[in-house]
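Use the sequences and the hints to build the structure in full.
Protein chains: 2
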Amino acid sequence: MSSAEKTSLSDLQCLTPDQRWLKLWKVHWKRGDKTGDWTFASRKNPPMVATGKIEPDAVIVVPTWIERPDAPQSGEKKLVVTREFRIPLAGDYYGFPAGLIEKGQTPVQAAERELGEETGLKIVSVQKVSPPIFSSAGLTDESSVLVYCTVTGTPSKAGNEHSEDIDTLILGRRELEDLYHVRGRFEGARLSLKLWPVLDAWLAQ
Amino acid sequence: MSSAEKTSLSDLQCLTPDQRWLKLWKVHWKRGDKTGDWTFASRKNPPMVATGKIEPDAVIVVPTWIERPDAPQSGEKKLVVTREFRIPLAGDYYGFPAGLIEKGQTPVQAAERELGEETGLKIVSVQKVSPPIFSSAGLTDESSVLVYCTVTGTPSKAGNEHSEDIDTLILGRRELEDLYHVRGRFEGARLSLKLWPVLDAWLAQ
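Protein chains in written order, with the working numbering: chain A, 2 to 206; chain B, 2 to 206.
Derived by calculation from the structure, the hints in this document are not laboratory data.
Take these hints with a grain of salt, some might be off.
Treat identical chains as interchangeable: a pair holds within one or across any two.
[To be verified] Straight line, CA to CA, 30 Å or less: simulated DSS-like cross-link-like pairs of lysine-lysine:
(1) K27 to K129
(2) K27 to K123
(3) K129 to K35
(4) K158 to K27
(5) K104 to K158
(6) K27 to K54
Have a look at this one:
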């Protein structure tokens with residue numbers, strides 16, 4: 002028997018009902034003779050604890066850049082990485098184009114929109130799409146879908162939103178190695194948990 | 002000029018000072034003529050916004066299981082995956098052994114301790130260690146270090162903590178394929194954002 006069948010949850014309480022984008026919640030848990038309270042953050046209202054439903058909050062685009070969509074094998078394979086000042090990290094963060102999935106959008110539609118808004122690039126083809134996967138299970142019910150695709154075009158900030166100021170970097174192998182090791186021009190960089198394992202696989206090829 | 006040099010933060014405010022493990026914070030930001038408030042969750046006190054320091058909160062162990070440490074190349078290569086009911090997800094979560102780094106511990110020391118407590122297994126050798134990488138930059142300043150290692154031993158729950166009830170699975174290629182596609186015995190599973198890209202790279206080998 003898995004522990005899912007043994008744990009019961011009760012007394013879900015929102016600790017910050019006035020916060021619009023992100024709320025802190027507390028819930029009571031009981032498993033056999035063990036019991037306690039758990040505090041977590043959620044963008045969902047009601048959170049997953051109340052619904053049990055797996056619904057992705059966000060999409061993360063893993064974009065391989067190609068110069069010529071008519072000849073995708075020509076030239077060096079490059080990876081698109083975004084650089085953005087992220088407020089919770091108080092510094093420049095390197096990751097992939099990403100954003101919240103809007104109501105009624107599929108993950109691939111959200112990926113096309115976010116890629117366009119954040120980088121000005123366009124999807125040529127989609128290689129694979131992950132299931133919803135969870136950022137940090139003890140801390141939040143946030144989940145994301147990874148969309149691996151090839152993209153093309155010239156970077157532009159024209160579609161950035163009010164709070165955004167996003168630089169688009171199109172990086173080849175040598176630069177990706179420096180980013181992977183957080184060295185050279187990338188010293189002090191804050192790296193995404195999604196980016197690093199992709200770099201690791203990319204550089205092992 | 003990167004946006005880090007253009008954004009200023011002020012009026013950091015803790016919205017839930019009475020919460021011990023996880024707090025919600027609000028900070029005011031200003032970049033040129035744009036301005037706003039940002040809400041985020043943090044396990045750190047003070048959070049990264051106040052310190053600017055990159056200090057990993059957690060360690061995540063990526064364990065390849067080998068039967069015989071004296072002959073690591075013999076037998077099928079398997080991956081260790083943990084299954085645990087996670088309260089924020091209201092269900093069974095599949096990921097890697099992980100936990101908070103205690104004061105004074107290196108990430109590798111924390112990996113050895115957490116692996117032992119959660120699975121009863123032992124590290125044979127460490128292959129690579131990531132820099133601190135960030136779970137979800139818009140939502141939290143939480144960062145983790147990935148420790149890729151080979152491990153050996155027989156699973157045990159003897160070291161599980163009060164709130165833990167962790168099953169240790171040692172999975173070969175066919176089972177990892179089912180987990181990757183969330184099918185068969187893994188239907189309805191909540192998958193870790195750290196686990197899926199590792200499965201993706203593993204299955205591409």
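For each hint, the structure was consulted:
no.: 1; hint: K27 to K129; result: neither (36 Å within a copy, 37 Å between copies)
no.: 2; hint: K27 to K123; result: neither (41 Å within a copy, 35 Å between copies)
no.: 3; hint: K129 to K35; result: neither (42 Å within a copy, 37 Å between copies)
no.: 4; hint: K158 to K27; result: between (39 Å within a copy, 27 Å between copies)
no.: 5; hint: K104 to K158; result: within (24 Å within a copy, 42 Å between copies)
no.: 6; hint: K27 to K54; result: both (18 Å within a copy, 28 Å between copies)
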